[in-house]
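Listed in order, the protein sequences are those of chains Y and D. Note that my numbering gives residue 133 to position 133 of the first sequence, counting from 1, and the numbers run on in steps of one. For my numbering, count along the second sequence from 1 and bump the result up by 1000.
To be clear, the hints were calculated from the coordinates, so they are not data collected in a lab. Just so it is clear, the structure is predicted and the values come from calculations on it, not from any experiment. Watch out, some of these pointers could steer you wrong.
[Claimed, not checked] Listed next, with one range per pair, are the computed distances between beta-carbon atoms:
1) E1009(D) - R13(Y): 56 to 62 angstroms
2) T390(Y) - M1001(D): 41 to 47 angstroms
3) K1196(D) - A31(Y): 24 to 30 angstroms
4) L34(Y) - K1399(D): 35 to 41 angstroms
[As the list claims (entries may be wrong)] Here are the simulated lysine-lysine pairs, DSBU-like style, with alpha carbons at most 30 angstroms apart:
5) K1196(D) - K1369(D)
6) K472(Y) - K1196(D)
7) K472(Y) - K1287(D)
Every residue gets a Cβ at the ideal spot worked out from N, C-alpha and C, and that includes glycine.
Listed below are the residues making up each chain.
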Amino acid sequence: MTQLIFELSQQHRRAASQIPAANYDCSDIPAEFLRKTLPRLPEVSELDVVRHFTQLSQRNFSIDTHFYPLGSCTMKYNPRGVHRMAMLEGFLQHHPLSLEVHSQGFMACAYELQEMLKAVTGMRAVSLTPMAGAQGEFAGVAMIRAYHRARADHARDEILVPDAAHGTNPASAVQCGFKVREIATGSDGNMDIDALRAAVGPHTAGIMLTNPSTLGVFEQKIREMSKIIHAAGGLLYYDGANLNAILGKVRPGDMGFDVMHINLHKTFATPHGGGGPGGGPVAVGERLVPFLPVPMVQKTADGFRWLTETDCPETIGRLSTFMGNAGIILRAYFYARLLGREGLHRVAEFATLNANYLLAKLTAAGFTPAYVTRRASHEFIITLKNEAKTFHITALDVAKRLLDYGFHAPTMYFPLLIPECLLIEPTETESKQTLDAFADVLIKIMQEAKTNPALLQTAPHTLPVKRLDDVKAARELDLVYIQ
Amino acid sequence: MPFIPHTSEDIKQMLATINVVNIQQLFDEIPKDLLTADLSSLPLGVTEMELMREMRECANQDAGLQCFIGAGAYEHHIPAAVWDIVGRGEFMTAYTPYQAEASQGTLQLLYEYQTMMARLMDLNVSNASLYDGASALAEAILMAVRIQRKHQSHRVLIPRTLHPYYRQVIHAIVSQQNIELIEIAFNEKTGRTDQKALAAFDKQEITALVIPQPNFFGVIEEVDLLTDWAKTQNAIAVAVVNPLAMALLKPPGQWGKTGVDIACGEGQPLGVPLSSGGPYYGFLTCKKEHVRQLPGRIIGRTVDAEGKQGFVLTLQAREQHIRRAKATSNICTNQGLLVTASTIYMSLLGPEGLRQVALASHHQLRLLKEKVAQLADVKILFSSPCFHECVLQFKTPVKKILQALATYRIQGGFNLQPVYPELGECLLVCVTETKTSEDLEQFVRRLREAVSAVREVCV
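Using the sequences plus the hints, can you model the full thing?
Structure below.
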């Protein structure tokens, strides 16, 4: 067990070389405004700190250490060179409120990324500021709302989402003051078009979709769906979570989408950092351009300049204090430059090749795909409902057992409509040999399920902790350490 | 092929296993008229060496400047150990810790972070972070609205001393939900929120009062009075603070008779580089009774099957992936990597170190104020004590003064004229522990030259 840093603390121990040494005084501040006792932070040496957090890092799975086929999360390799470039002094020490003349380096990169994202999405304009996919969704839905309001079309109070959508979709719509209506999925994995037709009307503000869908298949009737929504006066939102599947192949703009976000931490390989930072730029078609969030970067004859509220009076406003996750914007830009047009074109091809290969191997080994007759996109779903019944195991047990073999588990129990499912996304940066090893382990785990199901039910066995008690965590809340 | 490891033999075998003749066939379910992406306008790929050289030149354009700008993003020394450890792949390239047993490093670190942040604010609980300071304040306001859900209408009082960009962000985010944001004026002598302006709302139904400390002008607000006023109104008191300053100033949990309900702010000063404005992180802490209204990821300590300590994501029933349309927020991502930096930073500095950094910043600002006070045609605008920023007023355009300073490679501060036109020509200047007395001498000398150069041009 690794001790908490607070348990390493010894009174008066300190990392002296980090502490400004002089005697400063704050006698100009009246005592009533001052802190009376020091905050109880750990009192440790620099070596204590380095050793403690290095040891903690070793208790993580990560892309750098493990295959991480987490469906819908696109855990591809995050190039080290990209990180190094973002840490160059001129980028790292650059203040967000520096004069434009002192910001041309960052602004050039941001501008070029805006242009590149326009090209890959087939959209008219891009704003880079949203700080994650969910904030991009919020921005997109807020723009849809602003668009209808600008036309004095106040009856449109409903956003449609497929029942398989990411949970952020309905949550974002509600944050923008909309009601949410779910549309059912047909047995072939496509949306039920009749249900969609029945749902639209003068109250429809728009629909939120990802394509390929969260079910790992391409929504083939997308053109027809876009006609239905547009005919009803609504707009189409593209959830860019699955953009990796079509990058360089299909452009959301051509499918009829009016607005979308791009998850830079997925498609553009920026590091996920244990749950963030993300990056969720939004791209829009002609109709929504006036409403884009600010700031954006404009190119002029005299160099780059910021577009703000003054230039964009109809903007939905500012979503972050400064320029969103600027360092992530830089990383996405560097990644796109390293790949170039020929490399970006291959992303979807090899992500799709890897997914279909793994699907074929697992199907041949007896696993049940959720959609037998469909091609996989960049990800696919297998359902363990038969195995669950026969061997009294769950998808969770299989996921935990995978950890024992050094593989991060796929996404479990999502989408909600497929029972006992694993959503598997290998990404294009994994080799055939890694996929083979993963398939072999899944096959082996199924053998274990037959011969010794307890091995799965009590997994993991080889990690720093055994299976953790979530119920206790939620019932007996222990969120901060009390000494 | 950059980052794609497949050999031609691999590809051949994989296609055979799938039983297709080429990769194009894998896209045969997509209508042909949609397979129209055209990347020909994009540049060709380059090697790491080529791009590194190009980007070094690109970055150098903006390097090597002395920075006296603050205004919500602060230059502090960051110990080398912080980003050396943050840069470890195990932290940097992990995802949200959904598989707790395979994420104990991140999870324990976040639990330690929650503890440190709660202690720094002197409140009971903290979440695992939000996007940035401004969006954290927007979430804090939405939280206050949920706590006060019995109110007929939702009116939130926002001091004009709050960061103008924070005011814009909360407006963009919360106005979608029929929440009225009412601006509270400041006293033009002290630069503090005007108690009289607040008194106009006595005995009215107010959902929340936002209290900045220090405020955007660097001025230390009368937080005890403001908190007590909010509590007598049954309004939720929401503090928005510089976390570094809380090592020196009274923390929100101790404001007034009861302490505030919620404290949030920008975590950047604690070990996160300026980096053109992000990624930073927002922190959000509160009293225990509001924990179920807290948005974002929260880590809890529990035990494993053998009774051994371990950590998990908890209270997930609030979150979008479970509750969907009924979630407390749409947040999925936090800013885990930046919190990693802050946790290591706070551990290295410790209680005394953090206070010393705050104190040094404050002390250096006082030195600057003393020197500036001797300059002709420059006025220190507000009479109240400041933390590490202050407002200077000029008789000539600040824009021109900043341009003149720029010729000396000095970034002189943030021009307040566009955001506070009522103050005339004002500059917000920030000094941190990174500035030596020589730096301050140099700044004041150059400022004197800039002021007189601009005066001559204007005359």
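Open item on the list: Between the alpha carbons of K1196(D) and K1369(D), is the straight-line distance 30 angstroms or under?
Closed with: It holds: about 29 angstroms lies between the C-alpha atoms, which stays within 30 angstroms.
Task: Straight-line alpha-carbon gap K472(Y) to K1287(D), limit 30 angstroms - done: holds, 21 angstroms
- [ ] State, for the Cβ atoms of T390(Y) and M1001(D), whether the hinted interval 41 to 47 angstroms holds or is violated.
- [x] Holds, since T390(Y) and M1001(D) (Cβ atoms, about 42 angstroms apart) stay within the stated range.
TODO: With respect to the beta-carbon atoms only, verify the hint that L34(Y) and K1399(D) lie 35 to 41 angstroms apart.
DONE: Given a distance of about 37 angstroms, which is inside 35 to 41 angstroms, the answer is holds.
Open item on the list: Quick check: does the Cβ-Cβ distance between K1196(D) and A31(Y) fall within 24 to 30 angstroms?
Closed with: holds, 25 angstroms
Task: Hint consistency between K472(Y) and K1196(D) [alpha-carbon to alpha-carbon, up to 30 angstroms] - done: Outside the cut-off at roughly 49 angstroms; violated.
- [ ] Confirm or reject the claim that E1009(D) and R13(Y) have a C-beta distance inside 56 to 62 angstroms.
- [x] holds, 58 angstroms
Going through the hint list in order, the structure does not satisfy hint 6, though it satisfies all others.
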